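Enquirer: The lines below spell out each chain.
2 protein chains.
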Amino acid sequence: MISVTILGAGNVASHLYKVFSKTEQVFVKQWYNRSIGSISTHKNEVEIIDDLLKIKEADVYILAVSDDAVKTLSASLPLENKLVVHTSGSVSLYDIDKKHRRGVFYPIQTFSKTAEIDFSNVPICIEALKSNDYQLLKKLAISIGSPTKKINSDQRRVLHLAAVFVNNFTNQLYRIGHEITESEGAEFDVLKPLIMETAKKVQDFSPYMAQTGPAKRNDKKTIRKHLKSLESEHHKDIYKLLTESIQRTHGRKKL
Amino acid sequence: MISVTILGAGNVASHLYKVFSKTEQVFVKQWYNRSIGSISTHKNEVEIIDDLLKIKEADVYILAVSDDAVKTLSASLPLENKLVVHTSGSVSLYDIDKKHRRGVFYPIQTFSKTAEIDFSNVPICIEALKSNDYQLLKKLAISIGSPTKKINSDQRRVLHLAAVFVNNFTNQLYRIGHEITESEGAEFDVLKPLIMETAKKVQDFSPYMAQTGPAKRNDKKTIRKHLKSLESEHHKDIYKLLTESIQRTHGRKKL
Ligand SMILES: NC(=O)c1ccc[n+]([C@@H]2O[C@H](COP(=O)([O-])OP(=O)(O)OC[C@H]3O[C@@H](n4cnc5c(N)ncnc54)[C@H](OP(=O)(O)O)[C@@H]3O)[C@@H](O)[C@H]2O)c1
Ligand SMILES: NC(=O)c1ccc[n+]([C@@H]2O[C@H](COP(=O)([O-])OP(=O)(O)OC[C@H]3O[C@@H](n4cnc5c(N)ncnc54)[C@H](OP(=O)(O)O)[C@@H]3O)[C@@H](O)[C@H]2O)c1
Numbered sequence: 055m056i057s058v059t060i061l062g063a064g065n066v067a068s069h070l071y072k073v074f075s076k077t078e079q080v081f082v083k084q085w086y087n088r089s090i091g092s093i094s095t096h097k098n099e100v101e102i103i104d105d106l107l108k109i110k111e112a113d114v115y116i117l118a119v120s121d122d123a124v125k126t127l128s129a130s131l132p133l134e135n136k137l138v139v140h141t142s143g144s145v146s147l148y149d150i151d152k153k154h155r156r157g158v159f160y161p162i163q164t165f166s167k168t169a170e171i172d173f174s175n176v177p178i179c180i181e182a183l184k185s186n187d188y189q190l191l192k193k194l195a196i197s198i199g200s201p202t203k204k205i206n207s208d209q210r211r212v213l214h215l216a217a218v219f220v221n222n223f224t225n226q227l228y229r230i231g232h233e234i235t236e237s238e239g240a241e242f243d244v245l246k247p248l249i250m251e252t253a254k255k256v257q258d259f260s261p262y263m264a265q266t267g268p269a270k271r272n273d274k275k276t277i278r279k280h281l282k283s284l285e286s287e288h289h290k291d292i293y294k295l296l297t298e299s300i301q302r303t304h305g306r307k308k309l
Numbered sequence: 055m056i057s058v059t060i061l062g063a064g065n066v067a068s069h070l071y072k073v074f075s076k077t078e079q080v081f082v083k084q085w086y087n088r089s090i091g092s093i094s095t096h097k098n099e100v101e102i103i104d105d106l107l108k109i110k111e112a113d114v115y116i117l118a119v120s121d122d123a124v125k126t127l128s129a130s131l132p133l134e135n136k137l138v139v140h141t142s143g144s145v146s147l148y149d150i151d152k153k154h155r156r157g158v159f160y161p162i163q164t165f166s167k168t169a170e171i172d173f174s175n176v177p178i179c180i181e182a183l184k185s186n187d188y189q190l191l192k193k194l195a196i197s198i199g200s201p202t203k204k205i206n207s208d209q210r211r212v213l214h215l216a217a218v219f220v221n222n223f224t225n226q227l228y229r230i231g232h233e234i235t236e237s238e239g240a241e242f243d244v245l246k247p248l249i250m251e252t253a254k255k256v257q258d259f260s261p262y263m264a265q266t267g268p269a270k271r272n273d274k275k276t277i278r279k280h281l282k283s284l285e286s287e288h289h290k291d292i293y294k295l296l297t298e299s300i301q302r303t304h305g306r307k308k309l
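Protein chains in written order, with our numbering: chain P, 55 to 309; chain Y, 55 to 309.
The shape of chain P in the complex, shown without the other chains (with noise of 0.2 Å):
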C-alpha cells in the first residue's frame, strides 16, 4: 500500500484524487489546498486540510499546483527527507526544495476538470534522484494502470515543448476550422470525423506518411484559390506558414 498526499485541487489534482481513491494499492492520506471550498465536499471519504501544519507521513507528497507555486509551497512544508514531487511539464526538478527527496510524476495529457479520463492514456514520465524513489514512483502509476516513461529534465522539457504544439496548437487550428466553417453558414460538425481520423492515423503512421492535400501535392491551382477565399489576413498568414512547412518536409518549391 502506498500512502499519497496530495496538494493542490485544480485539474490534475482532482483526477488524481478520483483515480488514487478507487486504486486498492493506494491510500490517499491527506488532500490539501490553500483554499478548501471546492473539495469540502470529499471530507467524508479523505482528510481534508488547507493548514500546512497539520500535514502527516506518507510515502509520497505530489504538488499539483500552478508551476510558479512549485518552489514557494515546497519551502512550506514541513517536512524533511520526503519523497516530494511536481505534476508539470516546465518546472525544474530543482524548483523542489532540497530539503525534501526530490522527484516529477508528469502525466502527458490533457485535463480539465469535466472531460473523463482513462489513466491507461496518460503515459506518466518519471524523475527522481534516487532510485528507490523512482521505483515507488512507478509502482504508483503501474498501479493507476498508466504506462510509465523513465526521462530526465531535458527531454520533459522537449516533450512539454511538443505537446504544445499537437495539443494547444492543434485545437487552436479546430478552433479556425470552427470559425471558417460558421462564418459562412457551414456546419464545423461535418468536420469532426475528419478530425478522429487525423489523430487516428498517426498512431500507426508517422505523419510523414500521413500527409496528403494541396501543400503536399504542390497544387498551386488550390492553394490560390484557399489563400483567396481567407476573409482574415492572420488566418491567411497561418495557411502560408503551414503550407510552406509542409512543402519544406516534403521537398517541394517555397510558395
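Calculated directly from the structure, the hints in this document are not laboratory data. All values reported here derive from a predicted model rather than from experimental measurement. Just so you know, not all the hints are guaranteed correct.
Any copy, or any two copies together, can satisfy a pair, since identical chains are not distinguished.
25 Å max Cα-Cα, derived BS3-like pairs, lysine-lysine [what the hints assert, rightly or not]:
(1) K110 with K193
(2) K290 with K83
(3) K125 with K282
(4) K282 with K110
(5) K290 with K270
(6) K76 with K294
(7) K254 with K72
Place chain Y with the ligands on chain P using the hints.
Expert: Coordinates of chain Y with the ligands only, in the frame set by chain P:
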C-alpha cells in the same frame, strides 16, 4: 438497386469500390481506369474497362479522379443526360460537361489506400442540380451507412478549406512534434494518447472551451523558455504565430 460505374482507381475510387461491393442495395456495373493494371485483380468480381467506348448504362457515374481530370474526362464520356458526379472538395460542379445531369458526391474524410475506412465516419456532402438526382445520391450515401449533408458549392469550398486546417495543417503540427522529440532523444510515441484526446475533446466541447496551455494562460515565462529551446527559426515562427492566434481568440495581449 442502384447501379454505379466508378471512374478512377485511386484512394477514393478504391474505397468506394470496396464499400459498394459489399452493399446489397448497390451494384457496381463497371470500373474504369485509364490504366487497368492496378485494378485488374478485381476482374472476376466486376467488369473492368480502360476504353470509354465500352461504357454501359448505369444510374450514377462517379468520377473519382484527380481534380484536374474531371473536366476533360467528363467531356470524353460518350453519354448524354446521365447522372455524372465528381468527388472533389474544390472542383466546381460546372466543370462536369453540361451534356450530363451534374452532381457532387464529396466525402469529407482522409483516404489512403492502406488505412481502413468505416463509412459511418465519412459524411458525404451532396450537390445536384435536379431534385431526383439529389434523392438518388442521398439514397446511395445512406446505403453505405454514411451521414449526408446537402450543401451548395460555396459551403463545399469552405468545408474543403477548413478541412485543410484541421487535417493537413494539424498533421504537420504532429510532424513538428515528431521532429522536436526525436531530435532530442525523447519519444514521439509518448504523445500519441494526447493527440487522440485532443481530437476527442472537440467532439463534445467547442475548440474554444477545450483550449489550455501557456498561450491561453499568457504564461510569458514558459513561452520565452519554449522559444529559446526551439532550434529551428521556422519552428519559432510557427510557435509565435499560433501563440498569437490563441491570444487573439482568448482576448490576451499580443506577444
Ligand atoms: N491541466 C493539464 O492538462 C496539465 C497536464 C499536465 C501537467 N499539468 C501540471 O499540473 C500542475 C497543476 O495544473 P492544473 O491544470 O491542475 O492547475 P489548476 O487547475 O490551475 O489548479 C492549480 C492549483 O494550484 C493551487 N495554487 C495556485 N497557486 C498556489 C499557491 N501560491 N500556493 C498554493 N496553491 C496554489 C490552486 O489553488 P486554488 O484552488 O486555491 O486556486 C489550485 O488548486 C501544473 O504544474 C501543470 O503544469 C497540467
Ligand atoms: N484522398 C482523399 O483523402 C480525398 C478525400 C476527399 C475527396 N477527394 C477527391 O477525390 C478525387 C480522387 O482523389 P484520390 O485521392 O482518390 O486521387 P488519386 O489516388 O491520386 O487517384 C487519381 C485517379 O485519377 C486518375 N487520373 C488522373 N488523371 C487522369 C486523367 N487525365 N484522365 C483519367 N484519369 C485520370 C488516376 O489514374 P491512374 O491510376 O492511371 O494514374 C487515378 O486513378 C479528387 O477529386 C480528390 O480531390 C480525395
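Enquirer: Hints first: check each against the structure and report whether it holds.
Expert: Hint check results:
Taking the shortest Cα distances, K110 and K193 sit within 25 Å of each other inside one copy (22 Å), while across copies they are farther apart (67 Å). Proximity of K290 and K83 under a CA criterion of 25 Å is satisfied in neither setting, with 53 Å inside one chain copy and 44 Å between copies. When the C-alpha separation of K125 and K282 is checked against a cutoff of 25 Å, the pair qualifies only between copies, where the shortest distance is 22 Å, while the shortest distance within a copy is 50 Å. When the C-alpha separation of K282 and K110 is checked against a cutoff of 25 Å, the pair qualifies neither within a copy, at 64 Å, nor between copies, at 41 Å.
For a Cα distance limit of 25 Å, the shortest separation of K290 from K270 qualifies both inside one copy, at 18 Å, and across copies, at 21 Å. With identical chains, the CA atoms of K76 and K294 are never at most 25 Å apart, being 49 Å at best within one copy and 42 Å at best between copies. Only between protomers do K254 and K72 lie at most 25 Å apart by alpha-carbon distance; the minimum there is 21 Å, versus 28 Å within a single protomer.
Violated hints, listed in ascending order, are 2, 4, 6; each of the other numbered hints is respected by the structure.
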